[in-house]
Amino acid sequence: MSYLLTHLHHAFHVDEAIKSEEERVTIIRFGCEGDTTCMEMDEVLVKVAEKIKKFAVIYLVDVKEVHEFNVMYELYDPCTIMFFFRNKHIMIDLGTGNNNKINWAVRDKEEFIAIVETVFRGAKKGRGLVVSPKDYSTRYRY
Amino acid sequence: MDKATLADSFLADLEDLSDDEIQDEEVAEAGEEAVDADEDMADVPILNYDDLDSVAKLQKSQRFHDIMKKVDDAMAIGAQESSFKGTVVEDDPEYQLIVECNTLSVDIDNEITVIHNFIRDKYRAKFPELESLVLHPIDYSRLVKQIGNEMDLTLVDLEGLLPSATIMVVSVTASTTSGKPLSEESLKKTVEACDRALALDEAKKKVLEFVESRMGYIAPNLSAIVGSAVAAKLMGVAGGLSALSKMPACNVQILGAKKKNLAGFSTASALPHIGFVFHTEIVQGTPPPLRMKACRLVAGKSTLAARVDFTRGDLSAKIGQNLREEIQKKIEKWQEPPPPKQPKPLPVPDSDPKKKRGGRRLRKMKERYALTDMRKLANRMKFGVTEESSLGDGLGEGYGMLGQAGSGKLRVSIGQSKLAAKVAKKFKEKSYGSSGGTSGLSSSLAFTPIQGIELSNPQAHNAFGSGTQSTYFSETGTFSKIKKAF
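First to last, the sequence lines map onto chains D and C.
For the first sequence, counting from 1, position 102 maps to 102 in the UniProt record's numbering; every step adds exactly one.
For the second sequence, counting from 1, position 430 maps to 430 in the UniProt record's numbering; every step adds exactly one.
If you are wondering where the hints come from, they were derived from the structure by calculation, not from laboratory data.
Be aware that a few hints might be false.
The calculated lysine-lysine pairs, modelled on DSSO-like cross-linking and capped at a C-alpha distance of 30 Å, are [as the list claims (entries may be wrong)]:
1) K51/D to K318/C
2) K356/C to K54/D
3) K344/C to K54/D
4) K51/D to K109/D
5) K64/D to K125/D
6) K354/C to K134/D
7) K344/C to K109/D
8) K354/C to K54/D
9) K47/D to K109/D
10) K344/C to K53/D
11) K51/D to K19/D
12) K341/C to K53/D
13) K355/C to K51/D
14) K125/D to K355/C
15) K355/C to K134/D
16) K341/C to K54/D
17) K109/D to K64/D
18) K109/D to K354/C
19) K344/C to K354/C
Below, a sample of chain D positions facing chain C; criterion: calculated Cβ distance under 10 Å [claimed, not checked]:
20) K19
21) E21
22) E23
23) R24
24) E50
25) K51
26) I52
27) K53
28) F55
29) Y59
30) I113
31) T118
32) R121
33) R127
34) R139
Restraint-style ranges between C-beta atoms, simulated for each label pair [as the list claims (entries may be wrong)]:
35) K341/C to V71/D: 26 to 34 Å
36) K109/D to E388/C: 53 to 61 Å
37) Q328/C to K19/D: 53 to 61 Å
38) E22/D to G396/C: 26 to 34 Å
39) E22/D to K382/C: 51 to 59 Å
40) A370/C to P133/D: 29 to 37 Å
Just so you know, even glycine gets a beta-carbon here, dropped at the ideal spot from N, CA and C.
Let the hints inform the model, and build the full structure from the sequences given.
In structure tokens, the structure reads:
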């Protein structure tokens with residue numbers, strides 16, 4: 001639960017947030033508020049929000065409060081991040097197989113800023129799919 | 001003789017100093033000792049070096065006595081409000097007295113120096129090293145009086161006369177001194193001279209005290225900034241308000257700086273450029289790292305105030321107060337913490353176009369990766385003609401126009417970079433095939449192993465590659481048109 005970022009409590013608000021931004025990437029974090037993964041991610045989001053505010057805006061959505069997107073976006077993880085630009089969902093090739101979202105907590109601020117910048121650059125050029133600067137295919141080391 | 005010339009120089013210095021000498025006037029002044037040494041010697045018109053009076057005339061002069069008397073009277077009256085409300089304050093007798101006091105204090109200084117020289121010369125026989133250890137004339141006089149004719153310095157108590165470090169040095173030097181005790185007569189004269197010096201010092205102190213008490217009347221603005229004591233000292237050392245106002249501020253800062261201590265102690269730790277201004281309330285109240293800065297500031301503003309006072313521009317000290325407040329505000333501003341660092345958000349990616357730089361340096365750097373003429377030729381192909389290739393038969397790299405007939409060249413030289421000025425100059429100087437007697441305008445057509453039978457000017461660029469090469473500003477080109485003067 002972060003008090004410094006904007007929470008959205010209705011599906012309508014979420015829609016409006018995605019549609020209203022003309023110049024910036026909209027980052028929506030869908031998550032269960034009490035979860036540790038979610039809280040870690042929120043920490044990073046809070047620290048990063050000021051820095052990237054010129055080209056990205058962050059919103060938090062509690063999945064238990066707003067149900068409408070759960071099935072649509074397959075939000076079954078404790079913490080999910082999705083990127084939108086001018087009402088279009090931007091996909092990222094992270095190497096994990098799922099290009100639609102980031103469904104783990106990114107711990108490093110610089111890493112996260114790099115991903116957001118890549119999304120912004122690609123989206124501005126009109127691409128629907130961008131390639132992440134870091135490859136996460138081997139994220140789980142067995 | 002050495003002594004005579006020395007005494008002559010003293011006399012020459014004192015030409016303007018002495019007024020009428022009234023030898024037998026003995027006025028009982030508070031703190032003034034009127035002991036005369038060797039009065040009968042003064043009858044001899046030829047300068048007798050033994051006599052102090054012939055060189056140190058001020059103390060016996062009428063002027064001196066008059067001023068001291070006036071000072072005493074004025075001090076007795078006490079600090080009264082200025083009763084003289086005229087426009088021209090220069091006419092006020094008290095102001096006149098103060099001006100006279102200032103000149104007198106400078107004169108006293110000179111007199112003390114003279115007496116100090118006298119004492120020093122006499123005491124050299126006894127303790128020669130002392131003059132280089134103790135520079136200040138009054139300290140020297142006190143010391144001489146205390147030591148007297150004593151050879152063993154451990155019997156002499158020097159506490160309170162000097163800082164303990166100096167006492168130590170003096171004692172050590174005294175134990176190894178090459179001096180001998182003085183004769184009785186010599187000693188007597190020396191001690192009397194010491195007394196005179198000390199008396200003059202007392203008189204000077206009194207004069208300065210008087211000036212200080214009247215400071216608020218003389219220089220209200222200056223006193224408002226630095227305080228009346230320091231203002232009086234500044235005026236005393238400068239030799240009057242007019243002299244003080246004519247000085248630049250950097251000199252005012254230095255006024256009252258102590259002389260270098262030559263006793264072997266390092267002056268590296270002693271603060272440089274410190275005078276009376278350093279000891280003012282304002283400067284002493286600032287934290288030590290800012291003191292030099294504050295010193296300079298105060299010196300500057302006090303010079304302004306002194307100039308205002310000299311021209312009597314502001315008698316109510318309002319300007320002085322304003323300057324003082326200004327100084328205090330500035331000092332406070334210096335002590336403010338720097339503004340906190342704002343976290344800057346990152347700029348929007350790709351929003352600003354890259355700042356392209358230009359210039360000779362960049363051009364030279366780009367040249368290393370530039371497209372050469374050879375490569376340009378290789379990139380182009382002739383229509384309808386198969387190009388040669390490195391591995392033959394169309395394999396390998398194609399050679400394009402290189403080596404094709406009709407390009408006008410048998411070989412393509414690597415060519416010179418446009419900016420290789422040094423190389424071009426060297427090339428020009430090395431005139432192939434001609435000795436150094438030719439004019440600089442001759443071209444160097446010559447047979448060299450590089451060219452073989454081909455007669456091409458190595459300085460001329462290829463037709464193709466140079467593109468927009470202009471011969472107007474060319475480094476290696478020659479004059480295009482020369483008119484012969486007839």
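To see whether the hints hold, each was checked on the structure:
1. With a C-alpha separation of about 53 Å, the suggested pair K51/D and K318/C falls outside the 30 Å cut-off, and the hint is violated.
2. Among the hinted pairs, K356/C with K54/D is consistent with the structure: their alpha-carbon atoms are about 24 Å apart, no more than 30 Å.
3. For the given pair, K344/C sits about 10 Å from K54/D by alpha-carbon distance, which is consistent with the 30 Å threshold.
4. Among the hinted pairs, K51/D with K109/D is consistent with the structure: their alpha-carbon atoms are about 10 Å apart, no more than 30 Å.
5. Taking the CA atoms of K64/D and K125/D, the gap is near 35 Å; set against the 30 Å cutoff, the hint is violated.
6. Distance restraint check for K354/C and K134/D: the Cα-Cα separation of roughly 25 Å lies within the 30 Å cut-off, and the hinted pair is therefore satisfied.
7. A C-alpha spacing of about 15 Å is found between K344/C and K109/D, which places the hinted pair at or below 30 Å, so the restraint holds.
8. Using a Cα cut-off of 30 Å, the hinted pair K354/C and K54/D holds, with the two alpha carbons roughly 19 Å apart.
9. Distance check on the hinted pair: K47/D and K109/D sit about 8 Å apart at the alpha-carbon level, within 30 Å; holds.
10. Straight-line distance between C-alpha atoms of K344/C and K53/D comes to about 10 Å, which keeps the hinted pair within the 30 Å bound.
11. Among the hinted pairs, K51/D with K19/D is consistent with the structure: their alpha-carbon atoms are about 23 Å apart, no more than 30 Å.
12. Restraint check: the Cα-Cα separation between K341/C and K53/D comes to about 18 Å, which is no more than 30 Å; the hinted pair holds.
13. Only pairs whose Cα atoms come within 30 Å are accepted, and K355/C paired with K51/D is accepted, the gap being roughly 23 Å.
14. With a CA separation close to 21 Å, the supplied pair K125/D and K355/C stays within the 30 Å bound.
15. Between K355/C and K134/D the CA atoms are separated by roughly 28 Å; this keeps the pair inside 30 Å, and the hint holds.
16. Among the hinted pairs, K341/C with K54/D is consistent with the structure: their alpha-carbon atoms are about 19 Å apart, no more than 30 Å.
17. About 27 Å separates the Cα atoms of K109/D and K64/D, which keeps this hinted pair within 30 Å; it holds.
18. For the hint linking K109/D to K354/C, the alpha-carbon distance of about 26 Å falls within 30 Å, and the restraint holds.
19. A distance of roughly 20 Å separates the Cα atoms of K344/C and K354/C; the hinted pair therefore holds under the 30 Å criterion.
20. Checking K19/D against chain C: minimum C-beta separation of about 21 Å lies over 10 Å; hint violated.
21. Because the closest C-beta pair between E21/D and chain C is about 13 Å apart, greater than 10 Å, the hint is violated.
22. Restraint check, E23/D versus chain C: the minimum CB separation of about 8 Å is within 10 Å; hint holds.
23. The restraint placing R24/D at the interface with chain C holds, with a minimum CB-CB distance near 9 Å, inside the 10 Å limit.
24. Hint status for E50/D: holds, given a least beta-carbon distance of 6 Å to chain C, under 10 Å.
25. Here the hint on K51/D is kept, as its CB sits about 5 Å from the closest CB of chain C, short of 10 Å.
26. Taking 10 Å as the C-beta contact cut-off toward chain C, the hint placing I52/D at the interface holds, the least distance being around 6 Å.
27. Interface restraint check: K53/D against chain C, minimum CB-CB distance 5 Å, threshold 10 Å, status holds.
28. Taking 10 Å as the C-beta contact cut-off toward chain C, the hint placing F55/D at the interface holds, the least distance being around 5 Å.
29. Given the 10 Å rule on beta carbons, the hint for Y59/D is violated: about 18 Å separates it from the nearest Cβ of chain C.
30. At about 7 Å, the closest approach between the beta carbon of I113/D and any beta carbon in chain C falls short of 10 Å, and the interface hint on this residue holds.
31. The interface hint given for T118/D holds, since its Cβ lies 9 Å from the closest Cβ of chain C, which is under the 10 Å cut-off.
32. Hint status for R121/D: holds, given a least beta-carbon distance of 5 Å to chain C, under 10 Å.
33. Hint status for R127/D relative to chain C: violated, with the closest Cβ pair at about 13 Å, above 10 Å.
34. Because the smallest distance between the Cβ of R139/D and any Cβ of chain C comes to about 25 Å, over 10 Å, the interface hint for this residue is violated.
35. For K341/C paired with V71/D, a C-beta distance near 47 Å fails the hint of 26 to 34 Å.
36. K109/D and E388/C have their C-beta atoms about 58 Å apart, which keeps the hinted 53 to 61 Å range intact.
37. Between Q328/C and K19/D, the C-beta spacing of about 59 Å keeps the proposed range 53 to 61 Å intact.
38. Between E22/D and G396/C the C-beta distance comes to about 54 Å, which lies outside the given range of 26 to 34 Å.
39. Between E22/D and K382/C the beta carbon distance is about 55 Å. The supplied range of 51 to 59 Å therefore holds.
40. For the pair A370/C and P133/D, the beta carbons lie near 32 Å from each other, so the given range of 29 to 37 Å is met.
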